[in-house]
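Asker: Here is what each chain is made of, one letter per residue.
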Amino acid sequence: MERMLGDWRAVAILLGPALAVYSAVMLVPIFWSTGYTLFEGNAIRGFEFVGLANFVEFFEDPTALQSVSFTLRYAIVLTVLQVGAGYGLALLYVFALRRGGAVIRTLVFFPVILPTVAVALLFRRFFEAAPAVGPVNSLVMSFGGENPDWFGQPDASFWVIILMDLWRSMGFYAVLLYAGLVEIPDELLESARIDGASGFRLIRSIVLPLSLPVLLSALIFSINGTLKVFDTIVALTNGGPGTATTPLTVYMFRTAFSFGEYGYGSTIALVLTLMCLVVTVFIFRSTRRDLTKG
Amino acid sequence: MFTASRRRGAIPVLGLVGAAALTLTACSGGGTPSGTEASSGSDGDFTYLGQTQNTVISSTLESLAADACSAAEETAPLSVDAIDGTTWDQQLQVLAGNNALSDVSMAGGTPALMQEFIDAGLVVNLSEELEELGVSDRILPAAASTIQALYDSEDIYSLPTELNIEGFWYNTELLEQAGVTEPPQTWDELAAAAEALQAAGIQPFIAAGQDGWPITRLVGNYIFRSLGADALQRVVDGEASLTDPEYVAAAEAVAALGAEGYFGDAAGSIDYNTAMNQFLTGGGAFFYMGSWALGNFNDPEQNQIGVENIGFAPFPAVEGGEGSIDEVPANVGIPVMFTTSGWDDGSAAWLECIAQHYGDAALSESGQVTGFVVDEVPAEQSELTTLVQDVITEAPSSVLWFEAAFTPEGTSVSQTNGGGLATGSLSGQEFMELVQAANEG
Numbered sequence: 001m002e003r004m005l006g007d008w009r010a011v012a013i014l015l016g017p018a019l020a021v022y023s024a025v026m027l028v029p030i031f032w033s034t035g036y037t038l039f040e041g042n043a044i045r046g047f048e049f050v051g052l053a054n055f056v057e058f059f060e061d062p063t064a065l066q067s068v069s070f071t072l073r074y075a076i077v078l079t080v081l082q083v084g085a086g087y088g089l090a091l092l093y094v095f096a097l098r099r100g101g102a103v104i105r106t107l108v109f110f111p112v113i114l115p116t117v118a119v120a121l122l123f124r125r126f127f128e129a130a131p132a133v134g135p136v137n138s139l140v141m142s143f144g145g146e147n148p149d150w151f152g153q154p155d156a157s158f159w160v161i162i163l164m165d166l167w168r169s170m171g172f173y174a175v176l177l178y179a180g181l182v183e184i185p186d187e188l189l190e191s192a193r194i195d196g197a198s199g200f201r202l203i204r205s206i207v208l209p210l211s212l213p214v215l216l217s218a219l220i221f222s223i224n225g226t227l228k229v230f231d232t233i234v235a236l237t238n239g240g241p242g243t244a245t246t247p248l249t250v251y252m253f254r255t256a257f258s259f260g261e262y263g264y265g266s267t268i269a270l271v272l273t274l275m276c277l278v279v280t281v282f283i284f285r286s287t288r289r290d291l292t293k294g
Numbered sequence: 001m002f003t004a005s006r007r008r009g010a011i012p013v014l015g016l017v018g019a020a021a022l023t024l025t026a027c028s029g030g031g032t033p034s035g036t037e038a039s040s041g042s043d044g045d046f047t048y049l050g051q052t053q054n055t056v057i058s059s060t061l062e063s064l065a066a067d068a069c070s071a072a073e074e075t076a077p078l079s080v081d082a083i084d085g086t087t088w089d090q091q092l093q094v095l096a097g098n099n100a101l102s103d104v105s106m107a108g109g110t111p112a113l114m115q116e117f118i119d120a121g122l123v124v125n126l127s128e129e130l131e132e133l134g135v136s137d138r139i140l141p142a143a144a145s146t147i148q149a150l151y152d153s154e155d156i157y158s159l160p161t162e163l164n165i166e167g168f169w170y171n172t173e174l175l176e177q178a179g180v181t182e183p184p185q186t187w188d189e190l191a192a193a194a195e196a197l198q199a200a201g202i203q204p205f206i207a208a209g210q211d212g213w214p215i216t217r218l219v220g221n222y223i224f225r226s227l228g229a230d231a232l233q234r235v236v237d238g239e240a241s242l243t244d245p246e247y248v249a250a251a252e253a254v255a256a257l258g259a260e261g262y263f264g265d266a267a268g269s270i271d272y273n274t275a276m277n278q279f280l281t282g283g284g285a286f287f288y289m290g291s292w293a294l295g296n297f298n299d300p301e302q303n304q305i306g307v308e309n310i311g312f313a314p315f316p317a318v319e320g321g322e323g324s325i326d327e328v329p330a331n332v333g334i335p336v337m338f339t340t341s342g343w344d345d346g347s348a349a350w351l352e353c354i355a356q357h358y359g360d361a362a363l364s365e366s367g368q369v370t371g372f373v374v375d376e377v378p379a380e381q382s383e384l385t386t387l388v389q390d391v392i393t394e395a396p397s398s399v400l401w402f403e404a405a406f407t408p409e410g411t412s413v414s415q416t417n418g419g420g421l422a423t424g425s426l427s428g429q430e431f432m433e434l435v436q437a438a439n440e441g
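Those protein sequences? They're chains A and B, same order as listed. Reminder that position 190 of the first sequence reads as 190 in the UniProt record's numbering, one-by-one numbering, no gaps. Reminder that position 14 of the second sequence reads as 14 in the UniProt record's numbering, one-by-one numbering, no gaps.
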């Protein structure tokens, strides 16, 4: 094996095609897009070199800063909730639901396979205030409340988006984390129990450290997925009301393709990429500590 | 093994790739896309690209191909295609960037985008071609002036396949129930009528707040009535700002209607089709809309309140304002443009025939009022259609709409925030500050 991997021709044959395709569809567009950040304009009116002006504009653009704020808030809140709920469900699957667990796992996982737009339409109907009144508002009104306009208020819209995405995604994280938990040897858990560990103490000292690698993967999956959220928000609120629920991805799309500012759109994309990178590195670094050492 | 020295060696390679990408970026699209020179002869076909939401243009062209324009059809057979219109401008930019525009297509929805196309030489100057073909008199002067105003040019770069007026359509029965005997002539009368309707348990206004523009049209029209027909052009020219008190007053007037709840519950959640359905099923009294809705009004399946029960009132005057109630808000819908890359003898034959016959065909087959001269008025035409034609004929002048001269970003910000005025969640001052900032880039 070592002799074969030392042969550059074998390496080229084995890796070449995949590397070429990867470079063509990933690396070249990334560098190309990075190049655009130094230009202003589009393919119709042409490009003009503007240096770092797009970056200066980004940090002076209130809509961009609002988008950063929304994106981070959304990513942090949803990551905490969906990984937390997923972990809770996974613990439930492993330690409580011995019988019928497969049925419940399937039911909880079911929203994951639904099309995003269908889920968004479902939630629009749930929280509808006009022209028809949705079930949520009917419930509120049956308790004497007014007919709330969920999608007309920034905070209410934010929480409806969170609720929808949590419902849609927690089943995935539950299954992912469940796969990590079932790998913990039964003998280890049994010996911990014999030593007197149970309940929260067992989870804190044994289960959590041993499931940390998969928990870390789930966190990175989640934070990167939520930072790049696009379709669910477009389908549910289209970034509204106003631009209150506009994430960076949607703002990037509008800037590049609606406003015809490819350079500025690429700048927003680059900032988002750097945000993903920084957050991922931060998670890696913060979890280097060995939790089994207290 | 991948050693440290090899890793160091990879860095210059990545740098070279980056530099190459930058060079390619700088070289690409740096000027007018290639292929914009007009060609002689015919390339064999005449391609049309429209929006799936609008079938009138494509069906009228197909009808012309089978009948009045059969000669042009022989020169260059018509080929029709359509794509979704919700991201029309974006798709048009991509097509233009790839030099893949059809011979004729619906124009950009944002006038500023069309301005870019014109500056880049992508679209045919139709004034010159119509003159050369001897059919320039087939475009109604009102339509021609609207297009000229739209693109801030003395020439015409698109054909007016629609000519719409806008105003308040109202449900006469609901107004009578609320004791409103006359359609309002002034803004104060409109507000008073809304108050009376609300008191009678009738929703005064129906508007698609989700789309935004039906609300922002009210702001623009108020400005035209209070400050005159050139008020928004002064903003574009930098002589005035939307945040000036007299401009903010217009947005505040509309926001005041929203704060009173006159647009109903959650107006920001209502889209175009829902609003249309609400009005045609008696869900509210006033409906600001363009005359393109005549097709819906004339359809007995959609119209449950009866076409005879619908009246039209021009946008009311503002007391003491410089504008006149006779200045009709007008537009040409989304007109069609001819691209220079596809311009040839076949396209010229089609242009001549469209100018001659499109107005008659669209009116007789779809009830569509266009900006072309009509030679034969259909015998069985609805009273509302006649009313629209009369208003167009008698109007001494017209005005465009709020965002007509704004940048694409200004248009987007205006329309995404328009719903906030109807729900009362956004003040007029806040709205105007947002739009002004977006326009300034």
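Rather than coming from a laboratory, the hints here were simulated on the basis of the structure. What you are looking at is a predicted structure, and each value in this text was computed from that prediction instead of being measured. By construction, the Cβ of each residue, glycine as well, lies at the ideal position given by its N, Cα and C atoms. Certain hints may be false.
[As the list claims (entries may be wrong)] Which stretches of chain B does chain A cover? Using the computed rule of at least three CB atoms under 8 Å from a CB of chain A, they are: (1) 375–385; (2) 397–411.
[Said to hold, decoys possible] Short, incomplete list of chain A residues facing chain B, as computed with Cβ under 10 Å: (3) 43; (4) 59; (5) 128; (6) 130; (7) 138; (8) 142; (9) 143; (10) 144; (11) 145; (12) 154; (13) 185; (14) 186.
Asker: Of the numbered hints stated earlier in the document, which are not met by this structure?
Answerer: 1, 4, 7, 8, 9, 10, 11, 13 and 14
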